[in-house]
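Asker: Fit chain B to the known structure of chain A by using the hints.
2 protein chains.
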Amino acid sequence: MRTVGSTDLQQPSAGMADTAESQKVVIVGGGLVGSLAACMFSQRGYRVDLFEYRNDPRLSAVSQGRSINLAMSRRARAALGLVGLEGELLRHGIAMKARMIHDLEGGTREIPYDARTNQCIYSVGRKFLNDVLLSAAEKRSNVRLLFGHKMTGGSLDEGRVEFERTEGGTGGPKAKVKAVEAVGDLVVGCDGAFSSLRRLFMKKPMFNFSQTYIEHGYMELRIPPTADGEFAMPPNFLHIWPRGEFMMIALPNQDRSWTVTLFMPFAQFEAITTEAELLAFFGQHFADAVPLLGEDALVGDFFRSKPQPLVSVKCRPYHAGRALLLGDAAHAMVPFYGQGMNAGFEDVRLLSGLLDGLGGSPAGLADVLRRFSEHRNADAEAICDLAMYNYVEMRDLVNRPSFLLRKALDNALYAVLPDVWVPLYNSVTFSDMRYSECVRNRVWQDQVIRGVLVALLACAALLGLVAFVKA
Amino acid sequence: MRTVGSTDLQQPSAGMADTAESQKVVIVGGGLVGSLAACMFSQRGYRVDLFEYRNDPRLSAVSQGRSINLAMSRRARAALGLVGLEGELLRHGIAMKARMIHDLEGGTREIPYDARTNQCIYSVGRKFLNDVLLSAAEKRSNVRLLFGHKMTGGSLDEGRVEFERTEGGTGGPKAKVKAVEAVGDLVVGCDGAFSSLRRLFMKKPMFNFSQTYIEHGYMELRIPPTADGEFAMPPNFLHIWPRGEFMMIALPNQDRSWTVTLFMPFAQFEAITTEAELLAFFGQHFADAVPLLGEDALVGDFFRSKPQPLVSVKCRPYHAGRALLLGDAAHAMVPFYGQGMNAGFEDVRLLSGLLDGLGGSPAGLADVLRRFSEHRNADAEAICDLAMYNYVEMRDLVNRPSFLLRKALDNALYAVLPDVWVPLYNSVTFSDMRYSECVRNRVWQDQVIRGVLVALLACAALLGLVAFVKA
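Protein sequences, first through last, are from chains A and B.
Start counting the first sequence at 1; every next residue gets the next number (the UniProt record's numbering).
Start counting the second sequence at 1; every next residue gets the next number (the UniProt record's numbering).
The following block holds chain A by itself, in its conformation from the complex (with noise of 0.2 Å):
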């Protein structure tokens, strides 16, 4: 059944190799993780083989993709300055320098992201991204794109994958398939969320894994350029409209559009089967959104698309045999802490790092996923918690008072003991922090405070009964 492919796909680096330039990594995945995992390994000296389903997207106009656009903070940033690509990345983001939050009557208020040292996420379009990466692997001499290939089986023990390759055009009638197998030192597993290499991993004995979907869908909306050619709202900010059970977003385009998304739990968006009714509910809850994604434009997108699931993926341990799990494929989170290419891109940062310590040999390269797999989880699955956590935040807290009083004495904390009082989406977005560190700090900082109000209310309780004994 199986047919060779007329390239050297087959000829694995000898077992014995000792140096990266003899070792072979094979990625299944095309996405942002392995696109950035093809530039790290080849930079290493690795040979790389970067295996996608899809066509090459550098030839196809839209992105097919569903989320469009990302926010980008330290953690990508730091994993793009490894392959020398932050600058240009950085110069095509639109920096949003607060959330600003929507009321219902259309008034505007602005929640700065680092109201201490006033940095910003960056908006970024995941097609550029993805081409970007999958362009400067392209350059390297070590690395083979391939592209148009559905893994279909394989073993993780002997590093081996095997893939469907069709030629002449995905699915055409005059599609011939081909099989293609290859094999690797080190097989890399970045094909996302539904990982089809993950499915050999949950052969495995031992392999913890879960997939939990939220009772909340996202549809996607946009609101285009004015007339003149303008953003429609100010572009230096994420836009919210929290609306307690659900909520829309905006984030800015490079062609000065928006991509706007509605998260809203899915008997709502069923609730909305008429016109009439789409634009009374965008009426009472958006209204200042409703000319700008214009009305008719609205109703065309709400009732071609389907609201879309979101689900959170946990998985360990995250290597076996010799295959690892990066990113989605190791750990998918809901999208409401901005983090899921950033955390997938601080795992590639992480990996360099162990990398470093090597000396080229498999056994070491079992060491390292090894040690990869019990550092990263702990702190995979904190940010996959701080995801599903900020969903409430978003889409309901920031409109209470007592959200807002607690950011605002984490803000005056922060600026007086920077070093000691790093708030939580602080630590999150624009610092290197181990997730699960994160976390810790903040349930330390709720001690502190809590602590703090019963001495405070201890001290009031006794100079009341001072005083009281004194009259």
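Keep in mind the hints are simulated off the structure, nothing from the lab.
Computed from a predicted model, the values in this text were never measured in an experiment.
Keep in mind that a hint or two might mislead.
Just so you know, same-sequence chains aren't split out, so a pair can sit in one copy or run between any two.
[Unchecked claim] Taking lysine-lysine and the BS3-like style, the derived pairs with C-alpha atoms no more than 30 Å apart in a straight line are:
| hint | residue 1 | residue 2 |
| --- | --- | --- |
| 1 | Lys178 | Lys150 |
| 2 | Lys204 | Lys176 |
| 3 | Lys314 | Lys203 |
| 4 | Lys127 | Lys139 |
| 5 | Lys306 | Lys203 |
| 6 | Lys127 | Lys204 |
| 7 | Lys127 | Lys178 |
| 8 | Lys150 | Lys204 |
Answerer: Positioned in the frame of chain A, the structure of chain B alone reads:
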């Protein structure tokens, strides 16, 4: 590729059928839950085809399952009663009225399962139970048992399942593989923790799933009958050697032997590499059991086998298209509450109850699946969690004074207020209370006890204060 079987497996009943008699149920898996489900459906008039991966277990002397005895309690009995088999299995089972705790010095003490009404749990052989259920199903004219069928694929929406059947014994060089397809109005997956049918569920959107392995494995040992053919320990007990991080248990068998199971962290199993280490370990922790196990047999059993993993599986929903998951396929749990089989059998009883209210139409069937899924999920997840918790109780807490005090308090209150204060273990083991309700009930009891303690402390403090002021 697919060959049609010589039987009429491919002739589904018409989709429009509106009586049970004309409807076909395809059951995947002929273990305990599958064979009970076959009895239940056939009793209700459905035509049942049961497909089992193994060859007919009744033809082999050795049980192919790993865990060879089970603790049958109220929920399993109620479900067996539904198909007229409770009496037969109770006669076979060996009543266990209490836990018998073995301390390090070989001393024992009893902790009754039901101090108030002396209800027992029953040790039943897995093979015997499975054989009885298969034979009961086979007796019915509307049931066909099809062994040696390995599920390979199918469609949940079409109620279609594909199998490979090995002719002339499994795996032999002359074995010929034949593809078989079955279509049912309903497909029921009773194929265990690593369910093949569930793999089709995994491809459905919004299917939540988790599998969690614990860090402990188990190994089965055996205490044979004494030289004069008697039980080597008092038979009407579940014997436990709780040792904190690990434990050993023993359940009585019909042949007067004991099945002994050692639960222990994998690392600890691996640390024992020589006969001397093994005997030193047993001498230190299970001294009184060594002469009963026999040193030679212990050494032989221990080094012949490998510790087996323990997995907890949750998923939601249990239905998709025309298919439903039952038993371990829907909710596999660690074995520490003795409820895995009980919960699986209760699935069958609950499903039967829902079918009572059904006219027999396929539309009604779809509604039953949905309602089963919605009703059962919280309860199944509650018992999965309780089973995980009970490992700590069995191996460690039973040694603690606080546990014994609470047990005494629970039993005293239960004796006085049998309708109001049912201890957790009793509600799980000796009632039909929903598992989730058992947990809520326990939370309420904890609150009451805490409240009473606080009130008592406050009273004591007040009395002290009054005494102080008077003096």
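Asker: Return the numbers of the hints above that this structure violates; sort them in rising order.
Answerer: none
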